[in-house]
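Residue numbers (my numbering), protein chains in the order written: chain A, 1 to 416; chain B, 1 to 416.
Be careful, since some hints might not be right.
[As the list claims (entries may be wrong)] Here are some, though not all, of the chain B residues that point toward chain A, as calculated from beta-carbon distances under 7 Å:
1) L36
2) V39
3) N45
4) F53
5) G147
6) G153
7) D200
8) G206
[As the list claims (entries may be wrong)] Below are the DMTMM-like pairs computed for lysine to aspartate or glutamate, each with C-alpha atoms no more than 20 Å apart in a straight line:
9) A:K291 / B:D200
10) B:K382 / A:E141
11) A:K180 / A:E141
12) B:K291 / A:D305
13) A:K382 / B:D305
14) B:K382 / A:E148
15) A:K382 / B:E141
Worth flagging that the hints you see were computed from the coordinates, not collected in a lab.
Yeah, the Cβ is synthetic: ideal placement off N, Cα and C, and Gly gets one too.
There are 2 protein chains.
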Amino acid sequence: MPEFLHLVPPSEALTRLLDNFHPTLEIEEIATIEALGRVSAEPVNAPHPLPSFPRATHDGYAVRAEDTYGASESLPAYLKVIGEILMGSAPQAAIKAGECLLIHTGGMLPEGANAVVMLEYTQAVKNTNEIEVLRPAAIGENVIKVGEDVVAGQEVISPGRRLRAAEIGGAAALGITRLKVFRQPRIALISTGDEVVPPDQTIQPGQVRDVNTYTLSALISENGGIPLSYGILPDNAQVLAETAGKALEACDGLIITAGSSASARDLTSEIIQQLGSPGVLVHGINIRPGKPTILGVCRQAGKSDKPVIGLPGNPVSALVIATLFVKPILRLLNGLPAVPPQPVIRAKLTVNLPSEAGREDWAPVRLVETAEGYLAEPVFGKSNLIFTLVRADGLVRIPMDANGVSAESIVEVFPL
Amino acid sequence: MPEFLHLVPPSEALTRLLDNFHPTLEIEEIATIEALGRVSAEPVNAPHPLPSFPRATHDGYAVRAEDTYGASESLPAYLKVIGEILMGSAPQAAIKAGECLLIHTGGMLPEGANAVVMLEYTQAVKNTNEIEVLRPAAIGENVIKVGEDVVAGQEVISPGRRLRAAEIGGAAALGITRLKVFRQPRIALISTGDEVVPPDQTIQPGQVRDVNTYTLSALISENGGIPLSYGILPDNAQVLAETAGKALEACDGLIITAGSSASARDLTSEIIQQLGSPGVLVHGINIRPGKPTILGVCRQAGKSDKPVIGLPGNPVSALVIATLFVKPILRLLNGLPAVPPQPVIRAKLTVNLPSEAGREDWAPVRLVETAEGYLAEPVFGKSNLIFTLVRADGLVRIPMDANGVSAESIVEVFPL
């Protein structure tokens, strides 16, 4: 029985998937120091201003600016040093006209002071407790005011923001040691195919090892998900349906890598159709590698939308298609906007890269850095050889309406 | 006592650090499926060819190519179907002249066959076990030969390679379920400063929370290291020396964020000097933010070189300097070449960005995507406000010899 594919262009396939996928995300509270890479689930507001007291930005003397006006090297202002402000403490005294206090970077300004004169613009007067100020200080000079970084109540982290070192540090500065973030999505993986055996097994003639559980686990992990393997299943409708149902019940999404045969792929399609509505959205994409891809969303009463993706069994196709279609889904499940993959490297193609018009091609390339920028060297080889991807740094897209890309063209490389 | 800094340009500071740092890396063996992002420590060679048997790349019939020569729709070649090759099994029979076997994508070619005719170029002859072949097949057509992906003994993963999904999948395909990788470096963190309190504590006037342990832990984690906090220490020489010694004994590197005062920084410098030779390499960098940075390497008899870095206590300075100087060190400790940070986004500056000539400035910017490309909007604010970094997407470098960068200039943005 020949396979029945309705090929759709890649962009339409992604649109159909995203238009039908509106998950309800769960929120959890975690320690701020563990929150790197997670996505904030609610606005974080400053419980108090930052800094919470006026601070010196240099080592020097806390002064009343007006006491220094007109000061110069030839006509210094004389101020009486009434003490030192210790780090971590409130000043012991306020200053009055003609007085100053020694202050260190980050120290708290005393009452009465409105500026800091840098140490290098002062000179001690021998055998007295006085200093000469050699330059005038403006009001606010070398001082960070209360709330200059953030004011009390200000939203400092917006929901939907991926937390980097800066956000984690900002939260710590405000004493926020726990944060509400979206729960990481659990993605179930099922490999099918009578020829597929676990990687730790010796292969017999006709058998191949399960590569997809390894590559897809890596892809899911590096995109904020938690991969869960449900094993390698034979091409058997009942076993597959049962395991797929169990996996989808326990997880937020399911990826089935179909056996290589057309009948195995039809089986996957039928099972997705049974797992919930709307079921199969796309069966076949006008792309190489990865044509026999199945994209589906399964909604069950009282549950969140869950994506169920049927990937080609071939490891290269599976990894390329996962990069293009599973990554945006993982972004959505993490609480981020789904954006298609972004090229980040522009490079000059070294040789012609042929392709068939009417189909989008993704070709593996190696990047070579030169003084004039990057060169993209195509990694030739049949599209189903996993080590072509090992040799590649990224993929170049050849649009559907092109008959390939000529040597010397500038191409955009999507890193692998 | 004023601080004694010998300011060196940032590029020279990095060179001095790297020239003096030659760590001996430890190797460990881990499960391949856990190896994402780790760096291979020895060459991986293919234990057998891949594929290990000749495979069909399409559904069709395994044939002798010569039996199909001259075949056309009007004059098809007739072949006798002697059976089917089951997935995962060696073929039950060899084929002889005039015979063929039904084969599925990924199936093993039988003896005697040297090509696969695609299903769509054949037609069953009713009530017989014969097919019509409507197109000739060339030798090797729709077949992947043994060793076409890799040959036995070939080096498939080089040492020093960061392991991505592709490498992990490639190893799985070869049955390599454990890999030798470099051990992740453990980096000790010490915060100092009498004014610094843990983030979970209520702050009193003059006190600030420890931000650096949070931001640096995040930076270390996202660059392949394991951060270990040794707490917040008072500005006390003996306590600091003892803890620093213990930390460096147990870890592969140490970062001390110095209290804000000059004397606290001098203390850090003395302690680095005592921890091993060559000790302090750079004390003061011509950069903003981050001028009072200390870079050191401490070598002890029979031990590997260990970096000891004294960062400014200010969280913004600490994070910027860590990005520029700690990241390359972490790359080396992971087994990768140390490369300075790479800009990845080119953007047009929206307004003038002033700076002082004679000093390298790093200015935070926000990126705005437009149809014409990215705009870089400077995030103004004093350089010691942590939330300027929260509002920023990256940093723009203003070279030492420039008096700032003009609006409309194209700048390179280093992502934060």
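Structure-based check of all given hints:
no. : hint            : verdict
1   : L36             : holds (5 Å)
2   : V39             : violated (15 Å)
3   : N45             : violated (13 Å)
4   : F53             : holds (5 Å)
5   : G147            : violated (11 Å)
6   : G153            : violated (14 Å)
7   : D200            : holds (5 Å)
8   : G206            : holds (4 Å)
9   : A:K291 / B:D200 : violated (53 Å)
10  : B:K382 / A:E141 : holds (12 Å)
11  : A:K180 / A:E141 : violated (38 Å)
12  : B:K291 / A:D305 : violated (52 Å)
13  : A:K382 / B:D305 : violated (46 Å)
14  : B:K382 / A:E148 : holds (9 Å)
15  : A:K382 / B:E141 : holds (12 Å)
Comparing the model with each numbered hint stated earlier shows that hints 2, 3, 5, 6, 9, 11, 12 and 13 do not hold.
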